[in-house]
Amino acid sequence: MSTPTRLTRAISVIAHVDHGKTTLSDRLLEYTGTVAPRDMVEQVLDQLDLERERGITIKAQAVRMLYKADDGNTYQINLIDTPGHVDFSYEVSRALAACDGAILVVDASQGIEAQTLANVHQALDHHLKIIPVVNKIDLPQANPELVREEIEKVIGLPAESVIFASARQGIGTKEILEAVVREVPPPTGDPDAPLQALVFDAKFDAYRGVVTYIRVLEGTLRKGMRIEMMQTGKSFEVDEVGIFRPERTAVEDLSAGEVGYLIANIRNVRDSRVGDTVTDEARPAAAPLPGYRHVTPMVFAGLFPTDTEQYQQLKEALEKLQLNDAALVYEPETSAALGFGFRCGFLGLLHMEIVQERLEREFNLTLLGTAPTVEYRVKLRSGEEIPVDNPDLLPNAAEVDAISEPMVIATIVVPSTYVGNMMELSQERRGQFLNMQYEPGDRVVITYRMPLAEIIHDYYDQLKSRSKGYASLDYELVGFEVADLVKLDVLVAGSPVDALSMIVDRSKAQQQGRRLAEKLKTLIPRQLFEVPIQAAIGGKIVARETVPAMRKDVTAKCYGGDITRKRKLLEKQKEGKKRLKRVGNVEIPQEAFMAVLSLD
Amino acid sequence: MERIHSLYLHVPFCTWVCKYCDFNAYAVLQGLIPPYVEVLTREIEIAGTELPTGPFDTVFIGGGTPSLLTGGQLRQVLDRVRAIGLPSGAEVTLEANPSNITEENVESWLAAGVSRLSIGVQSLQPDALRFLERLHSGTDAISAIRTARSGGFANISADLLFGVPGVNLAAWLETLDSVLAEGVQHLSAYELTVESGTRLGQEVRTGLVQMPGADDQLEQYWAAAARLEAAGYAHYEISNWAQPGYACRHNLAAWNYKPYLGAGAGAHSMFRLDDGSTERRWNVKGPHAYIKQVSGAGHAPDGSETLSPERARGEAAMIGVRLLNGTRAAGNFPTERKQLVRAGLLIETDGQVRLTRRGVELANQVGAAFLV
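Going down the list, the protein sequences come from chains A and B.
In the numbering used here, each residue's number is its place in the first sequence (first place is 1) plus 12.
In the numbering used here, each residue's number is its place in the second sequence (first place is 1) plus 395.
Since the hints were made in silico from the structure, they are not lab data.
Among the hints, erroneous ones may be present.
As the list claims (entries may be wrong) - One-sided and incomplete, this derived list gives chain B residues near chain A with beta-carbon spacing under 8 Å:
#1 A662
#2 E710
#3 I714
#4 V736
#5 A738
Glycine included, every Cβ here is placed at the ideal spot set by N, Cα and C.
Model the full structure from these sequences, guided by the hints.
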């Protein structure tokens, strides 16, 4: 069934995490009959188990809906669901490039948050028509009028264009769909022009190879066509084109303005790069479409199998995971303490947590992750500049001329009561105050320039806890800045544990060393012998703690009837030890490697 | 299957279930004792025909409080055991509460064939007895030992608890000395252990009761061990001491990985199969269900597990190392043995291993090392 271009729309739903974006998408699918109520599960578009469990969206998803509007026409609406968390903003950016409009969802009780602003800026960068929706108006603490005013004042969208909705109760669904067909412009592409289709995601299907998610902007993509990827120059023959309803459904062709997928026997995801342009080999487009902002990992950590025999499995798992998580980068790493593993780059802490969890769950691995760090740029006395994403690899102080660290502009949105707390926290974290702006609804937008390293160390959790959960945060990388940094080493039972090293601000190093040693003392379980823990800066010990030896572990009674139970208990104890990593002859749990994250 | 020469009989009834007790025991069900004795007798009879059992070298009647059984009931049960095979030299132990030890009972137990009494003294300190919810006094316990001895028992064991909140080292040793002064042949001293499912467990969790620290517990333990050794008792298992020739044969058999048959509610059996694997079976725990099932089918199984020869060897070593004179059960684990010797937990001599003092304190760590 083909829809004339004038009746086609492509939209995205954008929102701060938890504002009800995915629930709203569910309602749209239901209202348009795309998913029958009996097939309706919550979060239809969240396909990963992890997404449903955590109630968050990680991957962008696309779906086509048909909607019979009040004007009598049946419109084809292509909806792309996007993640809300700051870590996944690259997914949002890709999705928006494939759209003409965006539904902006704002929670009626929370109001505008840092991520809302970031999303709106991205949408405006892509020249999208924004349809503002105030969601969750049914909640007792909702204040939709105030949020509407806020939208006009802060974002500049006319208050009368704001739609009140409750995705949970289905209020406002029709009004939203009507606004989409009325306000969002139809695609401008020409179905007869040379093909230009934008790749906005790709997945690996074990049976079909790479499934490439595309939006056709010009021309028409047909089954059997020979296509060329304009960036890589590689060509393929199209086996199947299709749409998402929401499951994959083959169609004859996709023409200008339509969203869907193509399968072309592509075996390697690198041949289907996100941001690339697909064109017709026989009649190529003159130029590729503009690509995306390149995604750069911001946070780095080592991932090691607790069982060294799982190294090969981990390697294969990372390869497979990278196929549908283009933001993940990795390279082999060898740690004296932890053996063979991989140094991985992530977009943020949540991304890191999710990757580790997916690797453990989907590939049945037991992993140990080291504390995340940022990438430093180290200028050597020789004049050479090298990147350092692993504290242990920081060259000797004697060789180092200067160390620069990545800086971000952090935007915090918070009720005015907590402004003092936010400023105190940000100053403790080496933040430079930039600006503060009062907004309607008792909201304050504060901006700081601060080191990214401070943000990844527990800043977000602190922000939340010192604002009773009200503060929201967004940040953007703005470059590198020279800082006075030193390497803090940790010795356990006399041997340095490379995976516990960290790079810290010199003025705070001694205090950090003491806190780290104290924290490790509580996290390293008692062993058969006493275990000294030392923190050192440049070979000088600055703190020492001792984990006392295990005092007693003996069962008083072990008679005939107790034996099964006792054996099971000891077996369980032994199983638990497998989650510990043996470093020398000390068994160290995962939490110890993350201790540096929360030293406050 | 290896022939079975040990029998455990469980009697799950108590007048009062003490707050620290984690055994399969029930109060206020005493009306169930007569039917229980009937089906227990039946279970022994059936097992005797189905399994390679007897003659029995040891019988252990535990509980609960098996001394709640009358002389006639005990005789009925032991007669059934005798029908399978119970030579005159067999060790027949009855666990007894001091409150039940009267001249009449002693006479009838001896007549029924009981040869060894294990008396639950626990403590002689009034505060400790109150804390432990024991219904007898210290004086009752001492006179119970005397009654048993003068009534004709020549093999008496006393159970004591140390590490009881509020009992300091001196008070604990006072209890120990008074019991030893009565000339018992065997003594079990257990650290009071907090089990999560008990009322004591609840009290500790909620902070109502604070247990002594590990250092205090070990101090009481080693002080007792020194006293006992000086008094001529050999420390043959982590919590057990005996005068020469009076180690509990029934428990030694289990610790040396010999098979045993268990009968009664919640009783466990252990069989050694010809391929070297071990089978463990256990009965349903509740006395009502037990009575019903045995009256019907003649069995009351609740579960079982079979350990491969390899796992069975690990289990044998886990149990065997608790024997302080040494064991050969760890013979199949040279690597683990070497590590434990290096860690100072085991001493190896002539192919035998035994726990060091530190090894005793960390016996679970040693035992776990052998589990596959």
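Now for the hints, and whether the structure bears them out:
no.	hint	in the structure
1	A662	holds (7 Å)
2	E710	holds (6 Å)
3	I714	holds (6 Å)
4	V736	violated (13 Å)
5	A738	holds (5 Å)
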